[in-house]
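Hey, can you work out the whole structure from these sequences and the hints?
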Amino acid sequence: MSDHHHKETFVTKYIFSQDHKMIAKQYLITGMIMGIIGIFMSMLFRLQLAYPGESFGIIEAFLGEGGEGGVITPDMYLALVTIHGTIMVFFVLTAGLSGTFSNLLIPLQIGARDMASGFLNMLSYWMFFLSSLVMVLSLFVTTGPASAGWTIYPPLSALPQAMPGSGAGMTLWLVSMAIFIASSLLGSLNYIVTVLNLRTKGMKMTRLPLTIWAFFITAIIGVISFPVLLSAALLLIFDRSFGTSFYLSDIFIAGEVLHYKGGSPILFEHLFWFLGHPEVYIILLPALGLTSEVIATNARKPIFGYRAMIASIIAIAFLSTIVWGHHMFVTGMNPFLGSVFTFTTLLIAIPSAVKAFNYITTLWRGNLQLNPAMMFSIGLVSTFITGGLTGLILGDSALDINVHDTMFVVAHFHLVMGVSAIFGMFAGVYHWFPKMYGRMMNKDLGYLHFWLTAISAYGVFFPMHFTGLAGLPRRYYNNTAFPMFDDLLAINVVITIFALIGGFAQLIFLANFFISIKKGPKAPQNPWKSNTLEWTAPVEHMHGNWPGEIPHVERWPYDYSKTDENGELWGGQDFTPQNVPIREGEEVF
Amino acid sequence: MKALFYIIIGVALMVVCWQLVKLLGLTKKEDQTATPKENDVNGKLMLVLMTFIYVLMVWSLWGTREVLLPQLGASAEAYHIDILFKYSMALILFVQFILQALIFWFTFKYRGTEGRKAYFFADSHKLEMWWTITPAVVLAGMIIYGLMTWNAVMDASDVEDPLIIELYAQQFNWNARYAGEDNTLGNGNVRFIKGANVMGVDMTDKNAADDIPVVADPVSFVKELHLPKGRTVIFKLRSQDVLHSAYMPHFRAQMNCVPGMVTQIKMTPTVTTAEMRENADTKKKFENINILRKSQGKEEVEFDYVLLCNKICGASHYNMQLKIVVEEEADFNAWLKKQKTLAESL
Numbered sequence: 066m067s068d069h070h071h072k073e074t075f076v077t078k079y080i081f082s083q084d085h086k087m088i089a090k091q092y093l094i095t096g097m098i099m100g101i102i103g104i105f106m107s108m109l110f111r112l113q114l115a116y117p118g119e120s121f122g123i124i125e126a127f128l129g130e131g132g133e134g135g136v137i138t139p140d141m142y143l144a145l146v147t148i149h150g151t152i153m154v155f156f157v158l159t160a161g162l163s164g165t166f167s168n169l170l171i172p173l174q175i176g177a178r179d180m181a182s183g184f185l186n187m188l189s190y191w192m193f194f195l196s197s198l199v200m201v202l203s204l205f206v207t208t209g210p211a212s213a214g215w216t217i218y219p220p221l222s223a224l225p226q227a228m229p230g231s232g233a234g235m236t237l238w239l240v241s242m243a244i245f246i247a248s249s250l251l252g253s254l255n256y257i258v259t260v261l262n263l264r265t266k267g268m269k270m271t272r273l274p275l276t277i278w279a280f281f282i283t284a285i286i287g288v289i290s291f292p293v294l295l296s297a298a299l300l301l302i303f304d305r306s307f308g309t310s311f312y313l314s315d316i317f318i319a320g321e322v323l324h325y326k327g328g329s330p331i332l333f334e335h336l337f338w339f340l341g342h343p344e345v346y347i348i349l350l351p352a353l354g355l356t357s358e359v360i361a362t363n364a365r366k367p368i369f370g371y372r373a374m375i376a377s378i379i380a381i382a383f384l385s386t387i388v389w390g391h392h393m394f395v396t397g398m399n400p401f402l403g404s405v406f407t408f409t410t411l412l413i414a415i416p417s418a419v420k421a422f423n424y425i426t427t428l429w430r431g432n433l434q435l436n437p438a439m440m441f442s443i444g445l446v447s448t449f450i451t452g453g454l455t456g457l458i459l460g461d462s463a464l465d466i467n468v469h470d471t472m473f474v475v476a477h478f479h480l481v482m483g484v485s486a487i488f489g490m491f492a493g494v495y496h497w498f499p500k501m502y503g504r505m506m507n508k509d510l511g512y513l514h515f516w517l518t519a520i521s522a523y524g525v526f527f528p529m530h531f532t533g534l535a536g537l538p539r540r541y542y543n544n545t546a547f548p549m550f551d552d553l554l555a556i557n558v559v560i561t562i563f564a565l566i567g568g569f570a571q572l573i574f575l576a577n578f579f580i581s582i583k584k585g586p587k588a589p590q591n592p593w594k595s596n597t598l599e600w601t602a603p604v605e606h607m608h609g610n611w612p613g614e615i616p617h618v619e620r621w622p623y624d625y626s627k628t629d630e631n632g633e634l635w636g637g638q639d640f641t642p643q644n645v646p647i648r649e650g651e652e653v654f
Numbered sequence: 059m060k061a062l063f064y065i066i067i068g069v070a071l072m073v074v075c076w077q078l079v080k081l082l083g084l085t086k087k088e089d090q091t092a093t094p095k096e097n098d099v100n101g102k103l104m105l106v107l108m109t110f111i112y113v114l115m116v117w118s119l120w121g122t123r124e125v126l127l128p129q130l131g132a133s134a135e136a137y138h139i140d141i142l143f144k145y146s147m148a149l150i151l152f153v154q155f156i157l158q159a160l161i162f163w164f165t166f167k168y169r170g171t172e173g174r175k176a177y178f179f180a181d182s183h184k185l186e187m188w189w190t191i192t193p194a195v196v197l198a199g200m201i202i203y204g205l206m207t208w209n210a211v212m213d214a215s216d217v218e219d220p221l222i223i224e225l226y227a228q229q230f231n232w233n234a235r236y237a238g239e240d241n242t243l244g245n246g247n248v249r250f251i252k253g254a255n256v257m258g259v260d261m262t263d264k265n266a267a268d269d270i271p272v273v274a275d276p277v278s279f280v281k282e283l284h285l286p287k288g289r290t291v292i293f294k295l296r297s298q299d300v301l302h303s304a305y306m307p308h309f310r311a312q313m314n315c316v317p318g319m320v321t322q323i324k325m326t327p328t329v330t331t332a333e334m335r336e337n338a339d340t341k342k343k344f345e346n347i348n349i350l351r352k353s354q355g356k357e358e359v360e361f362d363y364v365l366l367c368n369k370i371c372g373a374s375h376y377n378m379q380l381k382i383v384v385e386e387e388a389d390f391n392a393w394l395k396k397q398k399t400l401a402e403s404l
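Keeping their order, the protein sequence lines are chains A and B. Under the numbering used here, read the first sequence as residues 66 to 654, first letter to last. Under the numbering used here, read the second sequence as residues 59 to 404, first letter to last.
These are computed hints drawn from the structure, not numbers from a lab. These figures come from a predicted structure and were not determined experimentally. Please note: incorrect hints may appear among the correct ones.
For lysine-lysine, the following BS3-like pairs were computed, each having C-alpha atoms within a straight-line distance of at most 27 Å [unchecked claim]: (1) A:K587 / B:K95; (2) A:K584 / B:K80; (3) B:K287 / B:K398; (4) B:K175 / A:K594; (5) A:K326 / B:K175.
If you want it as structure tokens, here you go:
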């Protein structure tokens, strides 16, 4: 296979590999394992919300003391929602999504032999692996894992007296996140440098596929905002372990006054959300990038408004760094500052709307090839709109007062970033599986997976908005303490049933994925008749991606169904790969 | 060990899934972008998904009308917020309805068939201009209206004769204190917490003695926070240990309690508890609740305003509540007179 390169051992090929394609697969598999844990946790706590106090064997089997008698304890419940959030946001949708596809696609789509630094890339993956390991280990400490919510607001997260999860579990959470951030920074720097320096001849920035633009801008936001979370975490470690008072002041707990003086939890919230909000776009932009590519390819049409799409990505990225305060309207922040954040937040709706309209126009008068990747991409556009619209309510400070921290918020962000991003991830896996493993996934299982997932995603999160409008707060262990929530039980049962269907539907995906690696039919060179460079590389992976010279790029990536002056398709086919020279008389876009 | 058993079941299910597909002969090799049949079936199913989403929307809107908060907001601030909310919601639902229809209709209409040619349509500055400007204009309106509402709700600078009340949060309990005769709260700090002085009031502060703490009823152990109808209340919020959030959904009021600082929110109750119990929405909701409670063998309840904690604060976060009673000002004054001041109770 790679006879003109140095010989590889099992260890250098599969474990400490510096090849971006192998690292991408490592990211994907690790992300999937974390995803299984995260989704499974959500199924367990959904059981508790629909059937409070009822006993389930599966809960006792997996949660041990936290599920004594088959009923989740309140502490365990908070631990589950905390770890579910942490795992899904960081480990699945940041590392699992961006790590996988940035690594796989950046070198292949820009025409590079590998990442700028293979070693840093390998280091980035192994630090991610280590942080995953620490996070999983934290589930097994006797006082339980971190339970203060994925936002770990102090003082709750700082004081072991406040909840058992803020003991050793929280320490491990912080250690894990510190390693994770280092990993993320190494990855992002590598992506930025690679995109800027290693593009093949002719690959101008204005000829980059939108996937690469999305990964590139995502990496930039990551580099700007993740260090801030790291400093927030470090200061929290100082408060927890060395007696400083960055976030703590005037606290009386467990019968005694603590020595902390002069700190403010609000400082933590500012630092946290300075990452936390851009994080939403770190998750979402790669998913939108993948979708842009999948939709254009399968609509057999150019993506509508290529330049506007790039401008929107940049505008969203810029705005995302100045809106974090909308998570803090009711923290006692100065109301004037609240007004500023309302203004910037609602502005984000403009580039988002442009993106949504452009996707819809791309579908218009296409020749849609509805394979599973395309179905998930269309699903993404749908959930992105459904979830995004309620952002107009939450971003409006006056309206946020009454829905802040209710289930309305939970429904909103799950649809707009959770479901949308995971749909983008699925679309990416179905579309680029042949590139990763040289085999095809089964389409019928793919369709079944899509239908069950799409219906359950809507079934879970659409009604959930209305529990929030009924005043139901998030992170409530059960809703029976307030008579006014008694009549929400029926809705909660519906939500839980859909959640279980959705959870089990992922088994179909896992079966399809793992068995197709071994048993799927061999992939052709360019299975989706796509224009981008990765499909010119040989199906069998090799070091350096292309034998001989790297193809030169002659055109933008979206020449689908382009016709000459007689209305005939150029070259008799409805796609023109990026390395095909401009023909005589062809109009250049 | 049992966990292992469940995991094995999961893996077995996955294998079954694959074998079933194989048995049905669906894994045959084919041209690998979608076949015309796949396009046709899935294109039509997309319309089914659209119908499902619309049905879900209608069911959620219509089916939940009896479980939502009563339409009637119970404070002057709620009045402003509710109007803004209704406009925003109408706008959102309108856009949602149109855009989802476009997505799924296009997917159905332009599903790939043999011989269909896609239309090379890469750019149209005119169109893009339109859909940049339209949202910009609509949003400008929303921002302006939103900020006017925000200022009306948050600005407490020109309130005449407000009733000052401190809300004091601790794991997992609410305490409250009225500012008393002088309508000024005595200073508080956790370092003064001792014995019955649970809110850490500095008793050497001259404003402290006349403050009136809310205490639990000796028989039912229920604490009641009484508020007068029609008088603006300014809540000063403090926390003793971790972050809490005072959330009063019926009044559309919420503010976090932050250890180490005092936060503030104003609210003017406009509907007494008795009036709200007679409200049609409330009546219907509590009828349903009581039918449900009866079937579960629980005692009947009647409507009460409630203050709940809405910021994760520990194990009993889900049960941190304070009953609120809104009454006519005269009744309120009479009730307050009967309460003991701090000087008397400590």
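Going through the hints against the structure:
{"no.": "1", "hint": "A:K587 / B:K95", "in the structure": "22 Å, holds"}
{"no.": "2", "hint": "A:K584 / B:K80", "in the structure": "11 Å, holds"}
{"no.": "3", "hint": "B:K287 / B:K398", "in the structure": "22 Å, holds"}
{"no.": "4", "hint": "B:K175 / A:K594", "in the structure": "15 Å, holds"}
{"no.": "5", "hint": "A:K326 / B:K175", "in the structure": "71 Å, violated"}
Checked against the numbered hints given earlier, this structure breaks only hint 5.
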